[in-house]
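Enquirer: Sequence:
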Amino acid sequence: MKFAKTYEPNEYEPLAYALWEGEESFKPSGNGAPYAITMPPPNANGNLHIGHGLFVALQDVLTRYYRLRGRDTAWIPGADHAGFETWVVYERELEKAGTSRFDFTRDELYAQVWDFVHEQRGNMELQLRALGASCSWSDLVFTLDEKVISTVHKTFKRMWDDGLIYRGKRLTNFCTKHQTAFADIEVGYKQEKTPLYYIKYGPFVLATTRPETKFGDTGVAVNPKDERYAKYVGQEITVEGVNGPFRVKVVADDMVDMEFGTGVVKITPAHDFNDWEVSQRHGLSAKQVIDQTGHMTEAAGRFKGMAVLEAREAIVQAMQEKGLIEKIDKDYVNNVPHCYKCGTVIEPILMDQWFVKTQPLAKRAIEALKNGEVKFTPESKRDVLIRYYENLKDWNISRQIPWGIPIPMFKSEAGEWVFSDKVDQESIVVKDTTYTRDNDTLDTWFSSGQWPFIVTDVLGGRTDGLARFYPNAVMETGVDLLFPWVSRMIMLGLYATGEVPFKEVYMHGLVLDEKGQKMSKSKGNVINPMEVIAEFGSDAFRLGIMASRSAGQNQAFSPSKVIAGRNLCNKLWNIARFVQDALGDDFKPTESKVDDIPASLAENWLVGRLEASKRKIDADIKNYRFAEAAEEVYRVIWNDVADWYIEASKLGKSPDLMALSLEFCLKLVHPFAPFVSETIWQNLSWTSSVLCNETWHKLPVHDPKKAAQFEELQQLVSEIRLTLAELPGKKHHKLLYKEDKLIEENRELVKFLARLSDVEQVSELRGLQLAANGHEAWLDVDDKVLKEYLADLEKRRIALEGEINGLKARLSNDSYIKKAPQELVEETRQNLAEKEAIIHKVKAQITAIKR
RNA sequence: GGGGCUAUAGCUCAGCUGGCUAGAGCGCACGAUUCACAUUCGUGAGGUCGUAGGUUCGAGUCCUACUAGCCCCACCA
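Residues 248 to 1098 in our numbering are what the first sequence lists, from first letter to last.
Be aware that one or more of the hints could be misleading.
Said to hold, decoys possible - Pairs of lysine to any residue residues, derived as SDA-like cross-links and limited to a Cα-Cα distance of at most 20 angstroms, are as follows:
1) Lys574 to Leu453
2) Lys496 to Thr540
3) Lys617 to Asn638
4) Lys750 to Tyr587
5) Lys404 to Lys669
6) Lys988 to Gln1016
7) Lys478 to Asn490
8) Lys622 to Glu746
9) Lys765 to Tyr587
10) Lys404 to Arg414
11) Lys401 to Asp704
12) Lys404 to Gln606
13) Lys534 to Glu487
These aren't lab readings, by the way, just hints derived from the structure by calculation.
Construct the entire structure; sequences and hints are all you get.
Expert: Shown next as structure tokens:
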């Protein structure tokens, strides 16, 4: 097939992807050692952003790399129902339609969102294809698929039976707009100016940001060491309030900071986490004053029904009128919890919720981490995670939204809970007792925390299907998911399967904009990966986003790297075009000849270079050094293959080796730039397979001596080029040599590569001596030009002298000779000798010109 | 309050167990060129490696302190 003049990514990329899908190239082969990655499931009905672009590039490199190495490879894709995110979007739809969640039952809402999601679904999956993701599509799992729900329920039951899940009345992070609870980890704190009110409180004055919770006060606390208030501890005091006097107990607790405010804290157990803990320690009761909609309750008396902020204002005014406010610090800055989706202030509210007892799970996870059962890249994340586990509190897994996995618990009128997975029924009857379903759903992280063993279907001791892929080889995800996701997967994986869910974790950082700023809609600096692909191609995007990036680091996205990637694709295309043209359209490789040692110096050198490159890339991939591996691919193809080998081959080549090296390069580059490499593979006249499913072939044995000789020629050519670039006047010069076998045998090559007018053997050398290489080679330059060049030579002499002095100084240092490794000292000596030989030639040259 | 990360060329970043003259891409400058590629080729300029100490024959690399920036956890009423 003919190669078009230019490579147009948008024209070829969809064809390549269609070919792979048609050939079922991404299905696990069933041969070789298993290598599996579970994809962090993107939102089923969303669009991919730049972060997805990065993870696809990285995970696809790993998958394609190991597939080409003959591993049984599974990259298992997923689609996330994105519980809360999607629910927020759908609730907005309801609002638009003039209805609300309260107009429907949970089951109706679930069915509606299901339809909504499936109408919107598909974009994400098309975008994964555009990015070149070689994931096993037939194994895709949606996070609300039947098998997910049943596995999650199985785990839930086991944890319930083991006492690891309990129901309890606890202070809960509650979003009054979205009407749902959140886990601690989902709450974001923002610094906000919140006036600090100093209020008269019985015999005390105390500082509070929340005077409206005063109706819920059941105690007042001071530090046990605080002598100022010691006499009140244990007493019950009367406090004047806006609704009349009430009585609270004074307790002493270490939680109180004597330095802050007046060193006195009012205790409102039902609306503050610290106060709750104090109340538990001192047996204080809890009184709810804010309801789930964010309004004041009965307990607020005449303020009942007011929204929190409204009530705060009214109460402060009432207190001022009563003279209960001593002063107000208006500039006080406080950390206020917010709903990460709508920005509503999160109210801590006392509620009955389902909790996971985390410490037993965390303990096991810590052991596994300390035993090195999971290897982290970057390593520091392991210790960060251990520290997190050590301080992990119980985990609220109830969500009051309909879009999620139903909590499989039913309650009798007597308040007794039973497990049942018949969650499609509103009530069940067991032994003549009717139990009613809890209408809450599970926190998404509770189910995604089980993801690796759900998708591989290993629960219940299964060994068929994808079970061989558990534990996964690696979990690749963003650093922001270390706590919410990775931590859960390790805990729940160990609990449910007895094994860690993956042997390694690689974490990537955030993709920042060009200037190193976080991308955000409000800043308008969001880069859409699909737009980059449309302009430069998918391969270019992948190469670009991977370049200059290292594990765990938040790093900028630089468009220049995308351009460099596009250029590499173009280079590859042109190499292929040249090779195909040089070999002819009916070229067929002769397999047998591949074993022969190549004929030319350049070919021996090339084989050596390709092998070294492959070794380097292998090591880089093993250590997750993606950017370095890509750089090596770039370098070997551009510098070694195109600039030296292809150029040299213009004077003569072995067709078989040329074809073989191109194939080798395509395999090296395929994981990084799958589209262009596959397209070339498909266009080559002599290949008929699919590159994606190829395996490695051997290169012929090469002669390192010949390779080294080629390197000598390279040095000679480089020095000629450098000298010619500096020489004044016209650039057409001859190279003269006296007796030199290597130059003699490669006259044409040197002439061609260095763009000389000729390479000539002479009996008497003249002109300008090339000093820096081991050969007696002179450029035929006349005296006039030499004189003009004198200044450059002098500069060079001075530089050399500096270097020589440095080396001499080092060698005259006794401790260096004694303590540095022998080889190093020897190397320094050799280096000095070489430098001295060069300076000798340069000096002679200078003297000759001056004469 | 606790923890982590980062600081190297104009920009974005490499530099893995300390070792010779600190690298790459982009950008910049100079030069080349019908015959694979201007998305090209050749050459070059540009860095006292954040600051100050220390360890060492030798420090961008290890240690200490400081400065600046980023992130995470906790949540002081």
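Enquirer: For each hint, tell me whether it holds in the structure or not.
Expert: Evaluation of the provided hints:
no. : hint              : in the structure
1   : Lys574 to Leu453  : holds (10 angstroms)
2   : Lys496 to Thr540  : violated (29 angstroms)
3   : Lys617 to Asn638  : holds (16 angstroms)
4   : Lys750 to Tyr587  : violated (32 angstroms)
5   : Lys404 to Lys669  : holds (13 angstroms)
6   : Lys988 to Gln1016 : holds (18 angstroms)
7   : Lys478 to Asn490  : violated (27 angstroms)
8   : Lys622 to Glu746  : holds (14 angstroms)
9   : Lys765 to Tyr587  : holds (17 angstroms)
10  : Lys404 to Arg414  : holds (13 angstroms)
11  : Lys401 to Asp704  : holds (12 angstroms)
12  : Lys404 to Gln606  : holds (18 angstroms)
13  : Lys534 to Glu487  : holds (18 angstroms)
Of the hints listed earlier, those the structure fails to meet are numbers 2, 4 and 7, in rising order.
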